[in-house]
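Asker: The listed protein sequences correspond, in order, to chains A and B.
When the letters of the first sequence are read in order and numbered with the working numbering, they come out as residues 34 to 390.
When the letters of the second sequence are read in order and numbered with the working numbering, they come out as residues 34 to 390.
In case anyone wonders, no lab produced these hints; they're calculated from the structure.
Hints may contain errors.
[What the hints assert, rightly or not] In silico contact screen, one side only, chain A against chain B (beta carbon under 7 Å); selected entries: (1) 278; (2) 352; (3) 369.
No residue lacks a Cβ here, since even glycine has one placed at the ideal position from N, Cα and C.
There are 2 protein chains.
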Amino acid sequence: MAQQHLDPPTSSVAGTAPRAPAPLDEGGAPIGDALAGYLRAQATEFLRSLRQHRETGAAASGAGESGDAARSLRRSARRISGSLHTFRPLLDADWSEGMRPELAWLSGTLAREHAYAARLERLLGALNRLSGTAVVPAQAGRAPAAAPRTGNLTVGAAKAGALLDRQLTLARTRAHSAALQALGSSRFHAVADSVAVLASEVPLAPAANTTDLRPLAAAAQDRLTDAVTALPLVVAGLPYNAEALVHGLSADTAPQPQDAPWHQVRLLLRLHRYASEALHQGECPVDVRLLGAGKALNRHRDAAEAASAAASAARTPRIAPATAYALGVLHADQRHEVEAARFAFQQAWQKEAVRTP
Amino acid sequence: MAQQHLDPPTSSVAGTAPRAPAPLDEGGAPIGDALAGYLRAQATEFLRSLRQHRETGAAASGAGESGDAARSLRRSARRISGSLHTFRPLLDADWSEGMRPELAWLSGTLAREHAYAARLERLLGALNRLSGTAVVPAQAGRAPAAAPRTGNLTVGAAKAGALLDRQLTLARTRAHSAALQALGSSRFHAVADSVAVLASEVPLAPAANTTDLRPLAAAAQDRLTDAVTALPLVVAGLPYNAEALVHGLSADTAPQPQDAPWHQVRLLLRLHRYASEALHQGECPVDVRLLGAGKALNRHRDAAEAASAAASAARTPRIAPATAYALGVLHADQRHEVEAARFAFQQAWQKEAVRTP
């Protein structure tokens, strides 16, 4: 069971749906029924995760089984939403357009708690690496209240860790409450009802019985390829190009405008992956190159947000200079992680281009 | 003339000495006379630079012709000292052992002023890159006296620039005075007298007429190769290994113990180069691979010292958190330059290994 809660990158359709070959039209093309099968499977998985989430107790703070269930919920919501977008012409337009923002709201709300926890873990891990000692939250809390002015750097790291722990734990707690509130809201119940309908009866458009899924999936791939082509990949492929930290001290750092095209590619890569899943229905081979590219972009996003959190913590009033110094080192470290992730993406993507000429 | 003041990496013997083929023994091996010719040429260049330095006025602060002359003086002093070391068995032992520390003292004293100026330039250049605005010393000086607590990052960068400018300009001024004092000292006059003797009569040992220079030069190359073999080149060859910033926030950062073997290789590479020059006397081809390796190690040293200067400035009492934050970013940026330089060295050295199997 546990394995289903992970997010396999180019996975088979997860969950309880039967794994049948994709329905084809008379000419052998996958059509509306194939999409309906994929959407039903995702909807079923969504409902299963929701049930599990309620059973394991939503009060648990994002960890353990409850966290797994929330992740699984988000995973299905993303796949349903992505498919509604990519295969829009095959679906009832009003229903589809009404559902997408609701799914986005839900997965966004559910993602936040986990994101804050992961960000804190990433930043404390980096501080440990940078200071050569364990700056675990507990230890960070025991740091002296006033750092000596002359700045013991390790004290700075411990105080920076304590500050980040305080800020991100607070944010996480708030996100947890918001998620609980969302799951009890009538807005959520409306989404769940829509998904329940989807699990039994996908509202296909009349065109669905004659429309080939493949051109729509190919269009999703084209949008990805175009967006990748617009990335500064030549620079990203030169190690230590020092681009990610450019303007790292300029007045308006958060969010870095240079990150946006990479975040966009991350979303388009996901849509491409979901489109392949819908097309191949459980017989989709794992593409290790796309997997590598996707992992690099996840790391890019995580590091960018961690860098931003460090910069933001440094703007806390009345912090000691040693704390601010440690946060500066940490910010730059995470921006270099951003650069490293772009390099990793470039390397993975190059291989991809060679494989599919 | 100006070209002679530069420091060509695997150059011909510079300066006024005649460029004759190296004297050989009956079997065709370069022996003591070849070494004597090289040392005489370097000694002549030393005296010429000294004369030029006096003429252009030692009061100029390390820039322009006076700076060129000082650089040229150091350049000859390093070559003489290095040759005394590598070809020790061919030279009068007492004289040679007395002279080396004096030459080291002289080139060390003369190098410091330039080093502080270059370090400041490197750090202000990095701050400009990081802040997206010109943090030139003049502008840095105009930064508001008190940064807002909430930390405008650009203000932090400007204040960090002003602080570094103040500290490194003071250090540079002191180094300039120390250099002037050294050049007027009886200790310096004794060194200059020894070099003047060297320019006419190299004190060779009796063995010099029968000793082949090549095994001694080969031993210098072996010491280099052994030291390079001991470097963590596999890690250095993996881009973004994040090694240079490890322990960047530990209590004892200056100097980083991990840098020492690289600095050592830099010195051994120089000794190897000087030994080749002595062996080939003006007919030494430029080895672009060793040139690349040497440049990478210079960059490594410069970035390591700049990172250390940023960390040290952050320990200044009563600085604003925004200033400390900017110095932290700057420190990490320069430590990544250190890592980039190691990668560049690894790449250059790999090519070298392929070329000379």
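Asker: I'd like to know which numbered hints this structure contradicts. Please list them from smallest to largest.
Answerer: none
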